[in-house]
Amino acid sequence: MEDIIATMAEQLGPALVILGASLAVGFAGSGSAWGIGIANEAAAGIMTEDPKKFGYALVLLALPGTQGIYGLLVAFIAMSKAGLLGGGGVSISIWQGLGIGCACLPIAIAGFYSAIWQGKSSAASILLISKRPDQIGKAVILPAMCETYAVFALLMSIMMLTGIKV
Amino acid sequence: MSRSEAYGYAVARIRAMEPMLFDAALYQRLLDADGLGGALKVMGETGYAKGLSGEESGDRYDSALEAELKATYDEFESFVPDRALVDIFRVPYDFHNVKVLLKSNFNARSGGRKRWDLMTSLGTIPTDDLIVRIESEEYALLPYGLSQIVPSCMTVWEQTRDLVEVERLLDRGLFAAIAALAESVGDPGVVMWVKSRIDSENIRNLLRLKRFGFDAAATVPFLHGGGTIDPMTLVSLLPEPYDSWARMISYSDAGSAIASVQDDGNFDNLIVALEKALDDYCQSRLENARYSQNSPENVLAYLWGKEMEVKNIRTVLVSKGADSDRDEVKRRLRHGY
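Protein chains in written order, with our numbering: chain A, 1038 to 1203; chain B, 9 to 345.
Hints were generated in silico from the structure; no laboratory data involved. All figures in this text were calculated on a predicted structure; none of them were measured in a lab. Where a beta carbon is used, it is the ideal one built from N, C-alpha and C, also for glycine. One should not assume that every hint holds.
[As the list claims (entries may be wrong)] Partial list, derived from the structure: chain A residues whose beta carbon lies under 7 Å from chain B:
(1) Glu1078
(2) Ala1079
(3) Ala1081
(4) Gly1082
(5) Thr1085
(6) Leu1164
(7) Pro1170
(8) Asp1171
(9) Gly1174
(10) Lys1175
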């Protein structure tokens, strides 16, 4: 029984890291896919009437995709820190694993919601350029405001990860 | 897929179609054009070109306008999630066609000729199908309540020979059908807009009936229920001077449309000005929807804008043919989309 508990304690640290990394990639990626889907509908709508607007639309519908990349980046850092990449032999305690797992949450949560709202914002900007393509500069800035908070979350996740001693 | 997601594509497509609608500069060019030929030349540079083909006859531009409107309806039906939104605009043409067929039928019985040429292709029921069903008296398959309304109209005609009553029955059925279509969409904005349209129609009818000296009892049957203003309230306006109407229904948004038109003592001018004000009022009721990227009202706004565009073009082209005063024609044009 003691052996089982000892093994569980040994494995729980890496498991918590994997859980955190999964949440970062899963939630941020899902939010990005959702946001891009919303922007895609608007892009498809304007391209049905004017295919020449593809270039403008592509810039705007790609914006919600960045949160997925941030989530992937944080997951890589977390797994690297725990030695789960490349088969390194780093030993992670339960508390270290919990810390790394929690450090992944900011980008998982903020990435998910900011990507969806950025998708809605991008869709609105796509409607703007359908009538006023000359306003593409302003149209990109509006959804980029949502990006700010995903960047804050990314920074916080990275700072937390670097702050944990392994 | 949720309602908002379903309309994301449709609204974006509508936004991309907006630049193709006539703007103030294009209307000005039409008005400034030298005669009907010049106006048709301007039209040749727009989306109406394919239906015109360089012809200058009146019938030709009328059919070009109808073809453009039909193409718009057909296109919308292909991508709008709720077809009922398009049907709200097409059903009046079905009722128009039924009116034409019934009147032709009555006319033929008294030795006149049938005027099927007055039918329009803009309705939801193909004209050939409608002719077959009415002529063979197979009313059971007619939609929008026509299966009950048409036999009632036939009975009224056979018993009273009263064409006005037949028209009244059809108009009542039309607004009930439009209200049912709006309800089927399940969007409060769409329902409110249809109520505004019913109010507009009632106010228009009220003024026309006042002109012909109808009293309250005779007016009530011509007013439709389902609007925001109760028909009995509207009837109470009948004995009052027009200038006090806006004050008496100031609680309704339609009051502002009435207030925007001043009575100069000429009934003809008043009716024309009020009809324009009420059409603009219907347009204004949809303006807030244009800030939304997923509201079904965007579909109504575009289609109403297109209807008004066709109405404006027809007004300008007819005025060119009749050599009317340009400023007077400009005053009659509805606000663009």
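Checklist entry - Of the hints stated earlier, which fail here? => result Failing hints, ascending: 7, 8, 9, 10.
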